[in-house]
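Working from the sequences, and respecting the hints, build out all of it.
Residue numbers (my numbering), protein chains in the order written: chain A, 91 to 311; chain B, -10 to 272.
By construction, these hints were calculated from the structure, which means they are not laboratory data.
All of these numbers come straight from a predicted model, not from anything done at the bench.
Ideal Cβ placement from N, Cα and C applies to all residues, glycine included.
Hints are not guaranteed to be accurate.
[Stated by the list, open to error] Short derived list, chain A residues pointing at chain B, Cβ under 8 Å:
(1) Leu119
(2) Ala179
(3) Gly260
(4) Thr261
(5) Ala269
(6) Thr272
(7) Glu275
(8) Gly276
One-letter residues, chain by chain:
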Amino acid sequence: MVDILRNYDILGAFWVTIQLSVLSAVGALVIGTVVAVFRVSPVGVLRVIGSLYVNLIRNTPLTLLMASSILGLSFVLGLSISDQATRNAYWWAVIMLAVYHAAFVCEALRSGVNTIPAGQAEAARSIGLTFGQSMREVLLPQAFRGAIAPLGSTLIALIKNTTVAAVILGTAESAGLLAQITENEGASLGTFFIFALGFVILTLPLGIATTNLSRRLAVKR
Amino acid sequence: MKSTRFGLVAAAAVLALTASACGSDDGGSGGSGGSGDSGGGDGIKIGIKFDQPGLGLKKGNEYTGMDVDVATYVAQQLGYDADKIEWVQAPSAQRETLISTGQVDMVVATYSITDERKQKVSFAGPYFIAGQDLLVRSDDSSITGPDTLDGKKLCSVTGSTSAQKVKDKVPGVNLQEFATYSECVAGLVSGAVDALTTDDTILAGYASQDQYKGKLKVVGAPFSEERYGIGLKKGDTEMCTKVTDAIKKMINDGDWQTAVDDNLGAAGYKPPAGNPPTPDACS
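In structure tokens, the structure reads:
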């Protein structure tokens, strides 16, 4: 067990897991917010685009998205981000994680918007705010505060889903390194335990923090 | 108070995670693993690959490949007819566990004999000596071995021994890693990667597949030695001796050569030096 800790860069692999999580979480938040605005907008076309995005992406397995990013987009269509295969796979993994989880972020935010009494949106419009202004000044700030708990769940799911990147990324990331250790040393409960513990350390505080935050930031009505 | 509650949650989470590790995807028909006794008893469970063309491939209810032929021959020598064999899928990561928990009686699944693995299971064999090689498009003559990989895109499977070896051998290699070799082959055929590296047997298996016939070739310059053995329960010397005798008999009969030619020969593949091998003594 000590040998495994010494011979393999487990901390380095978890660092890549954290990088993937942070980068794709930011991406998912941005895309998810845009799609959520689409879905509550007064323009019919945007609402259709938003719901198409959510239903298409949310119901596609992440493994499929990952594999098709390299096999389809990069290999067949030639959309390469870098000539270096590992860099290319790294950024495609970030993009696919962001795109996939944006669908869940969107739905969390939309449910946050729905907690706001309809009268507030009507009041905002009636004092002359445009849709964009009422979104920015009235609805989204409250929606984010109301959606913290589900957003936290999405973030935890995202962190665990970074392991799916192993199907294209190789051994840089924790699930890939686990595959390599298993190949070299044989499968053992101890190795598995170390990696499981790593994810518990990453996700458990997040769950506690978002639960606390959601309680503290809840909009009192 | 609060911290103990968090402690409990943490403990429960860890327990749940650990428990899920014990599950097995083997849908086989129950029953504890058979002992190593021969004599045509209930049957024999053999672990093979289900997804490796030329070595161990499941197609409907048909099993084909060199590993399957070797396993069938050995089982027959142990007193089990072909219809007494129950095939179990043995993915690389689960091979030791399948053997040590008795879910299979033997594993014949491109299983290289290594010192690390010998600490967990016993090996009979080798029954074949493979070597790491390169698979390229048949019109590509620029790649002749690991030294000619500069500026080429290479593909292998995440965490595999082959991927690690090529990283050591060719520092700074441009390596794309996928979950399975099939994805690499797709990339190779489409021209997105220039070479696929792993054991030459696996490469020959892909090159012999109908849809790739004539499109791919094995370079034929192996740069490692993989000694395929039959994995058995640790310390079962009696079984090991019987299996070793069966392998020797298969090589002497000429059935070994037939199995190699039938399964890997279609793409002009010749087993590397050292074949047919002399099985090690059991210990």
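Going down the list of hints, with the structure as the test:
no.	hint	result
1	Leu119	violated (26 Å)
2	Ala179	holds (7 Å)
3	Gly260	holds (3 Å)
4	Thr261	holds (5 Å)
5	Ala269	holds (3 Å)
6	Thr272	holds (5 Å)
7	Glu275	holds (6 Å)
8	Gly276	holds (4 Å)
Violated hint: 1 only; the structure is consistent with all others.
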